[in-house]
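Assemble the whole structure, with the sequences as input and the hints as a guide.
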Amino acid sequence: MWKGKKVSKIQKKSRMSLLKRFIWYVVGFALFFAPFALFNRGLAFLLDEKRSGDIHATCFRMPLVDMLTGKGIVILSVTGISLILLLVSAFLLGPFFCGKLCAAGAFTEYLSRLLPDKWKVDWSKYVNPVPLRYGFFAAFIIGPIIGLSLSCSYCGYSFFEKFTNGGIWGDFGVLGSTAIITAFLWLVVFGLFTKGGRGYCNFMCPVGAAQNIVHAVGAKLPFTMKIKYDRKKCVSCNACVKDCPMRALTQGEDKKIQHSNHNCITCQQCVAVCPTKSITYGFGKGGWQQEEVKPVQEPKPVEKGA
Amino acid sequence: MKKRLGTSKWTMVVLFILMFGIALSGGMYRNATAEESAKFKVTVPGNSTKEVVLDINEQGLPKKLIQPGMITISSGHGKGNLVYEGKKPAFIQFKFSNFPGKVEVRYRGPYDEKTGRILKPIKPGDSISIDFGVELPADVRKQAVVFIGEIQLMDWKTNKLIGTIPVKIINSKYETNTGATNNQNDNKESCH
Chain A
1 MWKGKKVSKI QKKSRMSLLK RFIWYVVGFA LFFAPFALFN RGLAFLLDEK
51 RSGDIHATCF RMPLVDMLTG KGIVILSVTG ISLILLLVSA FLLGPFFCGK
101 LCAAGAFTEY LSRLLPDKWK VDWSKYVNPV PLRYGFFAAF IIGPIIGLSL
151 SCSYCGYSFF EKFTNGGIWG DFGVLGSTAI ITAFLWLVVF GLFTKGGRGY
201 CNFMCPVGAA QNIVHAVGAK LPFTMKIKYD RKKCVSCNAC VKDCPMRALT
251 QGEDKKIQHS NHNCITCQQC VAVCPTKSIT YGFGKGGWQQ EEVKPVQEPK
301 PVEKGA
Chain B
1 MKKRLGTSKW TMVVLFILMF GIALSGGMYR NATAEESAKF KVTVPGNSTK
51 EVVLDINEQG LPKKLIQPGM ITISSGHGKG NLVYEGKKPA FIQFKFSNFP
101 GKVEVRYRGP YDEKTGRILK PIKPGDSISI DFGVELPADV RKQAVVFIGE
151 IQLMDWKTNK LIGTIPVKII NSKYETNTGA TNNQNDNKES CH
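Protein sequence lines, in the order shown, are assigned to chains A and B.
Going left to right, the first sequence walks through residues 1 to 306 as my numbering numbers them.
Going left to right, the second sequence walks through residues 1 to 192 as my numbering numbers them.
No lab work stands behind these hints, which were simulated from the structure alone.
We treat Cβ as the ideally placed atom computed from N, Cα and C, and that holds for glycine.
Where hints are given, some of them may not hold.
What the hints assert, rightly or not - With a cut-off of at most 25 angstroms between alpha-carbon atoms, the simulated DMTMM-like pairs for lysine to aspartate or glutamate come out as follows: (1) B:Lys-64 - A:Asp-171; (2) A:Lys-50 - B:Glu-104; (3) B:Lys-39 - A:Asp-66; (4) B:Lys-123 - A:Asp-48; (5) B:Lys-88 - A:Glu-49; (6) B:Lys-64 - B:Glu-104; (7) A:Lys-71 - B:Asp-126; (8) A:Lys-50 - B:Glu-85; (9) B:Lys-95 - B:Glu-113; (10) B:Lys-120 - A:Glu-49; (11) B:Lys-114 - A:Asp-171; (12) B:Lys-157 - B:Glu-104; (13) B:Lys-88 - A:Asp-48; (14) A:Lys-50 - B:Glu-113; (15) B:Lys-123 - A:Glu-49; (16) B:Lys-9 - A:Asp-122; (17) B:Lys-102 - A:Asp-171; (18) B:Lys-3 - A:Asp-117; (19) B:Lys-41 - B:Glu-58; (20) A:Lys-50 - B:Asp-131; (21) B:Lys-9 - A:Glu-253; (22) B:Lys-41 - A:Asp-66.
As the list claims (entries may be wrong) - Pulled from the structure, derived: some chain B residues nowhere near chain A, Cβ distances all over 10 angstroms: (23) Pro-45; (24) Glu-51; (25) Asn-57; (26) Gly-101; (27) Pro-121; (28) Asp-139; (29) Lys-142; (30) Val-145; (31) Phe-147.
In structure tokens, the structure reads:
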């Protein structure tokens, strides 16, 4: 925990970044979640559409299922425009919604920071989350077609809204078995007790997975924004790896930093903590695939009594 | 860092299929516990011809452990199944006849909890989406027939009844082989 420990420069930068991101997430909460849902309500008002003033108005499942079942999608509708904005922003900026606006994902991330690291599991140490999240996403897409819909029962957004609209005070309303399972996974197992606090985002969020597929394609192009890396500047201090909430950055035995566009949410926490500015966010090439440069040797530990 | 699972192509494929299967199993579980919530469809003016029946013994284990005493009677998500086909706009008010506990109405619009009134008139041809969260006290849950009640839809401007939804909540756990119920014993238990 922070208390009683000397705070390093990197930790200070990390906290400052968390604070800045927090402001974004508050904006995201006001835009998409009840009781405010300003984006949903505003768009519905502009389109003269009757939509609920909560997260359901921008549901990701409904337009996808409508498309896949041949019903089609109305582009000029709240769900249609939301879906397009989500995918276009992911293509051009990376998963902008996840990294800046998703208060549900942020909630568990911030919550997990309240616990000491020794109590948390770093799932990414044991398993690569990417095939798991895409497996879940595939089931999310195919499930409704074969009568096995995963939403809204396992929807983290819906539960987060229930939680913030009364749940904090003990009034969750009526909960089904699947909502209880979701709460347990989202909040406890993959939230509080997961390093980074974004286990649910990593394994079970179809919205994030869809954005990452789009981002992985977009990041190959020079005119899109992405997390960039300059190996020459990197001192392999590992600060970015430790602070990445999605565990999208890893360090191999050879100390090389690796990055995955398949689960990076471009929250830029790594950019903020990097002491040598070797990680940046911007246009151009990513730089992750370039020739490796040998990392700087770690300083020898100071001997006791020296 | 030790080599983690899912870094080679084969293990990635295996993990993908594994998670795909787990997620679909989640969908199957969701279908298996769909009976936790009762759905209704009603067109007013008029009465629902189909009684809403819910068996609380069909609840999944998490529900039984965490929140067995709250059930939902719902018109479903999206476009609601409470359709108004009157000629003039209706000012709908809900009344709950013979319900054993509190009823919490979840309506995404202006609604007065105290009076049970939807404050904005419902236009002819409109449909609304509404959920009724019904509290079932522990004593009544231990009966074969938990309760038989009715949701009454009134027009609070004219004070006329414009529709009803009959509701029957049962608990099959307490049904005997002969079809008789052991209410008496359970009622005795609940008195303590």
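Comparing the hints with the structure gives:
1. Between B:Lys-64 and A:Asp-171, the direct Cα distance comes to roughly 18 angstroms. Compliance with the 25 angstroms bound is thereby established for this hinted pair.
2. With a C-alpha separation of about 23 angstroms, the suggested pair A:Lys-50 and B:Glu-104 falls inside the 25 angstroms cut-off, and the hint holds.
3. A threshold of 25 angstroms between alpha carbons decides the hint, and for B:Lys-39 with A:Asp-66 the separation of about 22 angstroms falls inside it, so the pair holds.
4. Proposed proximity of B:Lys-123 and A:Asp-48 is supported: the alpha carbons are some 16 angstroms apart, at most 25 angstroms.
5. The straight-line distance between the Cα atoms of B:Lys-88 and A:Glu-49 is roughly 22 angstroms, inside the 25 angstroms bound, and the hint therefore holds.
6. Between the alpha carbons of B:Lys-64 and B:Glu-104 the distance comes to roughly 20 angstroms, so the proposed pair stays at or under 25 angstroms and holds.
7. Distance hint between A:Lys-71 and B:Asp-126 is fulfilled; the C-alpha atoms sit about 22 angstroms from each other, no more than 25 angstroms.
8. With a C-alpha separation of about 18 angstroms, the suggested pairing of A:Lys-50 with B:Glu-85 holds against the 25 angstroms cut-off.
9. Our distance criterion of 25 angstroms between C-alpha atoms is met by B:Lys-95 and B:Glu-113, whose separation comes to about 11 angstroms.
10. Of the pairs offered as hints, the one joining B:Lys-120 and A:Glu-49 holds, with about 16 angstroms between alpha carbons and a cut-off of 25 angstroms not exceeded.
11. Under the criterion of a C-alpha separation no larger than 25 angstroms, the hint pairing B:Lys-114 with A:Asp-171 is consistent with the structure, at around 17 angstroms.
12. Between B:Lys-157 and B:Glu-104, the direct Cα distance comes to roughly 22 angstroms. Compliance with the 25 angstroms bound is thereby established for this hinted pair.
13. Distance check on the hinted pair: B:Lys-88 and A:Asp-48 sit about 22 angstroms apart at the alpha-carbon level, within 25 angstroms; holds.
14. Restraint check for A:Lys-50 and B:Glu-113: the C-alpha separation of about 22 angstroms stays at or below 25 angstroms, so the hint holds.
15. As the CA atoms of B:Lys-123 and A:Glu-49 are separated by approximately 15 angstroms, the hinted pair is consistent with the 25 angstroms bound.
16. At most 25 angstroms may separate the alpha-carbon atoms for a hinted pair to count; B:Lys-9 and A:Asp-122 meet this at roughly 22 angstroms.
17. Straight-line distance between C-alpha atoms of B:Lys-102 and A:Asp-171 comes to about 13 angstroms, which keeps the hinted pair within the 25 angstroms bound.
18. Distance restraint check for B:Lys-3 and A:Asp-117: the Cα-Cα separation of roughly 21 angstroms lies within the 25 angstroms cut-off, and the hinted pair is therefore satisfied.
19. Simply put, B:Lys-41 and B:Glu-58 have alpha-carbon atoms about 21 angstroms apart, close enough for the 25 angstroms limit, and the pair holds.
20. Among the hinted pairs, A:Lys-50 with B:Asp-131 is consistent with the structure: their alpha-carbon atoms are about 18 angstroms apart, no more than 25 angstroms.
21. About 20 angstroms separates the Cα atoms of B:Lys-9 and A:Glu-253, which keeps this hinted pair within 25 angstroms; it holds.
22. A threshold of 25 angstroms between alpha carbons decides the hint, and for B:Lys-41 with A:Asp-66 the separation of about 22 angstroms falls inside it, so the pair holds.
23. Every Cβ of chain A is farther than 10 angstroms from the Cβ of B:Pro-45; the closest lies at roughly 22 angstroms, confirming the non-interface assignment.
24. Even its closest Cβ contact with chain A, about 20 angstroms, leaves B:Glu-51 beyond 10 angstroms, as expected for a residue assigned away from the interface.
25. Every C-beta of chain A lies more than 10 angstroms from that of B:Asn-57, the closest at about 13 angstroms, which supports listing it as non-interface.
26. Against the 10 angstroms criterion, B:Gly-101 stays outside the reach of chain A, whose nearest CB is about 12 angstroms from its own CB.
27. Listed as outside the interface, B:Pro-121 is consistent with that label: its C-beta sits roughly 14 angstroms from the nearest C-beta of chain A, beyond the 10 angstroms cut-off.
28. Chain A leaves B:Asp-139 outside its interface by the beta-carbon criterion, the shortest separation being 19 angstroms against a cut-off of 10 angstroms.
29. At roughly 20 angstroms from the closest C-beta of chain A, the C-beta of B:Lys-142 stays outside 10 angstroms, upholding its exclusion from the interface.
30. Consistency note on B:Val-145: stated as away from chain A, and its beta-carbon is indeed over 10 angstroms from all of that chain's, at 21 angstroms minimum.
31. Annotated as non-interface, B:Phe-147 keeps its C-beta farther than 10 angstroms from every C-beta of chain A; the closest such distance is 16 angstroms.
The structure fails none of the hints (numbered hints given earlier).
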